[in-house]
Amino acid sequence: MPSDKDVLIDVNNLSVDFGSKRKSFRAVDKVSFQIYKGETFGLVGESGSGKTTIGRTIIRINPSSEGEITFKGERINGKISKETDKMVTRKIQMIFQDPMASLNERSKVDYIVSEGLYSLKNFKTEEERMEKVSKALRDVGLLPEFSSRFPHEFSGGQRQRIGIARALIMEPEFIIADEPISALDVSIRAQVINLLAELQKTRGLTYLFIAHDLSVVRFITDRIAVIHKGKIVELSETETLFKKPIHPYTKALLSAIPSPSPDEERNKKLFIYTPEKYYDPGDPFVWSEVEPGHYALVNKKILNEA
Amino acid sequence: MTEYANTNKEVVLSIKDLVVKFSLRGRILKAIREISLDLYRGESLAIVGESGSGKSVFTKTFNGMLDSNGFIEQGSITYNGMDLTKFKKEKDWLQIRGGEIAMVFQDPMTSLNPLKTIGTQICEAILLHNKDVTPQQAKQKAVEYIADVGIEEPLRRSNQFPHEFSGGMRQRIVIAIAMACNPKILICDEPTTALDVTIQAQILGLLKDLKDKYNLTIVYITHDLGVVAAVADRVAVMYAGDIVEIGEVREVFYNAQHPYTWALLSSLPQLGVKGEKLFAIRGTPPNLFQEVRGDAFAPRNPNALKIDFVERPPYFPVPGSSTHKARTWLLDPRAPKVEPPSAIKAIGGDYNAL
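Top to bottom, those sequences are chains V and W. Here the first sequence is numbered in this note's numbering, starting from 1 and rising by one per residue. Here the second sequence is numbered in this note's numbering, starting from 1001 and rising by one per residue.
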């Protein structure tokens, strides 16, 4: 955790709707959080909770319907100038989940990695571009010679490294990693986690780490936001969240983490979250700071139980 | 304390010296390298390994689902007195597949027919395997199976289509279809990999209940050690087409012997220390187009012995256990003492409290 808390990304009251007006669906519902420079911020929730949508809205793939996102104090959602748009493309990059699907099968690694450079004309000479490509490849632990190969010649872990190289070449400050290791094998997972951690150290990167696997998230994030049905239900520093979860949904998620110990696993009690149990018209849910830095969407009933 | 050991050891499926090869563009790949394994009635066995280790190929030989370029070169698979490796025709397999050995696949999104209601799909399985059931009765049974896998309002739900169900619900339906065949052995190929953690725990619980209710034998194929810890009675660790270590679940987790098992366990993020590097296995699995010499894991094992590169280790029984064995020279009485990595001690659990 960096001591000086510079806010890099500020998401304020963000909502995202899909579909036309009459049949619209609110995927993200008035979400607010801040990401500090140099930290790894985790976004956790089940499929369909809207965690990926938030990531995609920050990087301007999905339009927002309400609220504000700022990057270093500059607004980056809604209508923005061309220059700001270019700045977003360069400074914010994304790593996708499935390295088998996210790389163009028909182009060589050389093109895949430098596509961002091409689209922003971010190089002067061909030599400079090639130099950048081989540096990016070396940074992620691949050989520069690999640039003349096609994606199918690589294993899943190597492909994910290519995906990371493609993000790094833009020299971003902020990387959105959307389930970057869910599609990988156990043994390769560790390599990619280590690589991400090392790059953060050497380049001072900030990550938004989107995942559903809490054991991985605990290992690499500084702070976590738990999202359920488009709403953030709890936000705090990682260890606090694991030790003192407040919201029943967080508790349910934590209780489902698989443990590598057969004895523990067999005696474990699953906690199942039933929203109806906590709903009370006279006792609305309020976003409140339960202790310093630990926020949750709670009502009196939840607080009494916690 | 939960009961781990399987007291009545009746062998239902016995595999001896199995070798499976694939011919790929004129080259021969040896995917399964001399595996022998006995499966006991009522147990749940987990086969663990990274992708490409041959765990799926191995189980596909049990119900004749090998791809057309794959063939069994040697060995036998005995089930009910029949040698399944002798089966040539699809007709032979129909008496085994589903009714005796059924399979649940990884992705519930693609293993259901989107054009038929789930009730119809379950009925299909029932009618195929019970000649004396009328369609009316089958329909009723289908509803019972839907209720069995924990779906509420089974009658109404049976008239719905797969797209009206969530991923976890669909996996329940796939399991219901497999159960409707009334199998003796259920093979689950990564049954929860495509699902969320919360749903995963529920599906594993469901499979456990079904196992007890119908005295099923379940084979789990997975690379997730958390799943293994939750459901398996016995664990077989596969590497490069071979079982390198097999034992009861507590033996393998708390008293692992093979360096590959050590490596797998230590790379778990649950055991990592924040801010430090996570243990990662170096290198890549061996090329199975070539004959593997010695211990297949040796090139990736920093502490490999000289003999690991020369001669393939036999199975050594782990001292003090009749169920636990590993293919590693480290268990040879002449081998130097190598301590397992410290990280896996963090798994906890007291092995001696068996």
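Bear in mind the hints are in silico, worked out from the structure with no lab data behind them. Watch out, some of these pointers could steer you wrong.
[Unchecked claim] Straight-line distance between alpha carbons at most 27 Å, and here's what the computed BS3-like set of lysine-lysine pairs gives:
#1 V/K269 to W/K1277
#2 V/K268 to W/K1089
#3 W/K1345 to V/K72
#4 V/K244 to W/K1337
#5 W/K1091 to V/K268
#6 V/K5 to W/K1274
#7 V/K268 to W/K1213
#8 V/K37 to W/K1211
#9 W/K1213 to V/K269
#10 W/K1345 to V/K243
#11 W/K1208 to W/K1274
#12 V/K243 to W/K1211
#13 W/K1274 to V/K251
#14 V/K244 to W/K1211
#15 W/K1277 to V/K135
#16 V/K79 to W/K1277
#17 V/K251 to W/K1208
#18 V/K201 to W/K1208
[Stated by the list, open to error] Some residues of chain V that are not near chain W, with every Cβ distance over 10 Å (derived):
#19 D10
#20 N12
#21 G73
#22 Y118
#23 L120
#24 R129
#25 K135
#26 G156
#27 R218
#28 A252
#29 A256
#30 V290
Ideal Cβ positions, reconstructed from N, Cα and C, are used throughout, including at glycine.
Hint-by-hint comparison with the structure:
no. : hint               : result
1   : V/K269 to W/K1277  : 31 Å, violated
2   : V/K268 to W/K1089  : 46 Å, violated
3   : W/K1345 to V/K72   : 44 Å, violated
4   : V/K244 to W/K1337  : 43 Å, violated
5   : W/K1091 to V/K268  : 45 Å, violated
6   : V/K5 to W/K1274    : 21 Å, holds
7   : V/K268 to W/K1213  : 21 Å, holds
8   : V/K37 to W/K1211   : 50 Å, violated
9   : W/K1213 to V/K269  : 21 Å, holds
10  : W/K1345 to V/K243  : 22 Å, holds
11  : W/K1208 to W/K1274 : 34 Å, violated
12  : V/K243 to W/K1211  : 34 Å, violated
13  : W/K1274 to V/K251  : 22 Å, holds
14  : V/K244 to W/K1211  : 36 Å, violated
15  : W/K1277 to V/K135  : 23 Å, holds
16  : V/K79 to W/K1277   : 42 Å, violated
17  : V/K251 to W/K1208  : 23 Å, holds
18  : V/K201 to W/K1208  : 44 Å, violated
19  : D10                : 26 Å, holds
20  : N12                : 28 Å, holds
21  : G73                : 30 Å, holds
22  : Y118               : 31 Å, holds
23  : L120               : 34 Å, holds
24  : R129               : 30 Å, holds
25  : K135               : 23 Å, holds
26  : G156               : 7 Å, violated
27  : R218               : 7 Å, violated
28  : A252               : 6 Å, violated
29  : A256               : 4 Å, violated
30  : V290               : 23 Å, holds
Hints 1, 2, 3, 4, 5, 8, 11, 12, 14, 16, 18, 26, 27, 28, 29 from the list above are not met by this structure, while the remaining hints are.
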